[in-house]
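*Asks:* Sequence:
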Amino acid sequence: MILASFILLLIALSLPLMSVEKMVFWKNSYSIIEGVHGLWQQGQYPLAIILLFFSVVFPFFKLAMLGFVWSVRLTEARRRAALHWLGILGKWSMLDVFVVAILIVLVKLGPLARVKPQRGVYWFAAAILLSMITSMYVDRLAQRTG
81 MILASFILLL
91 IALSLPLMSV
101 EKMVFWKNSY
111 SIIEGVHGLW
121 QQGQYPLAII
131 LLFFSVVFPF
141 FKLAMLGFVW
151 SVRLTEARRR
161 AALHWLGILG
171 KWSMLDVFVV
181 AILIVLVKLG
191 PLARVKPQRG
201 VYWFAAAILL
211 SMITSMYVDR
221 LAQRTG
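Using the working numbering, you'd call the opening residue of the sequence shown number 81 and step up by one each time.
Don't read these hints as lab results, they were simulated from the structure.
Across the chosen pairs, the derived CB separations fall in these ranges: (1) Glu101 <-> Arg158: 46 to 54 Å; (2) Gly123 <-> Gln223: 46 to 54 Å; (3) Gly118 <-> Trp150: 30 to 38 Å; (4) Arg160 <-> Tyr125: 35 to 43 Å; (5) Gln121 <-> Arg158: 39 to 47 Å; (6) Lys196 <-> Leu154: 39 to 47 Å; (7) Pro126 <-> Pro197: 20 to 28 Å; (8) Thr155 <-> Ile129: 31 to 39 Å.
None of these values were measured; they are calculated from a predicted model.
From the three backbone atoms N, C-alpha and C, an ideal C-beta is built for every residue, glycine too.
Model the full structure from these sequences, guided by the hints.
*Replies:* Structural data, given as structure tokens:
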């Protein structure tokens, strides 16, 4: 399940997240990575860093921690500590989906532009939900063996 979450996240980050259509003549699609890159190029460093952290770094870090807890034999105290931190991270899991939703709302330009969510939004949400389910599963398994 950890590997499936990782693969879903990679797919989601590469797919278009939204398409923006200005007037009738201009249309473009954006993925999360393209959005971070575009914000950085425009000098919007704080927003680019926030989007990068919550939508890319945070989910991968959480999956890496899950993989570590699952695959490395730990003492009871260390496993409890790792699971504690995973629990804290789990409370923030949907924040990355929320950040993407805010990004879509921010890009809406009223009557001059129309923003449509693309398949990347759904893949991203599925990746985050699967990682949350995986976290709960690993936590339950660890509690049974502990």
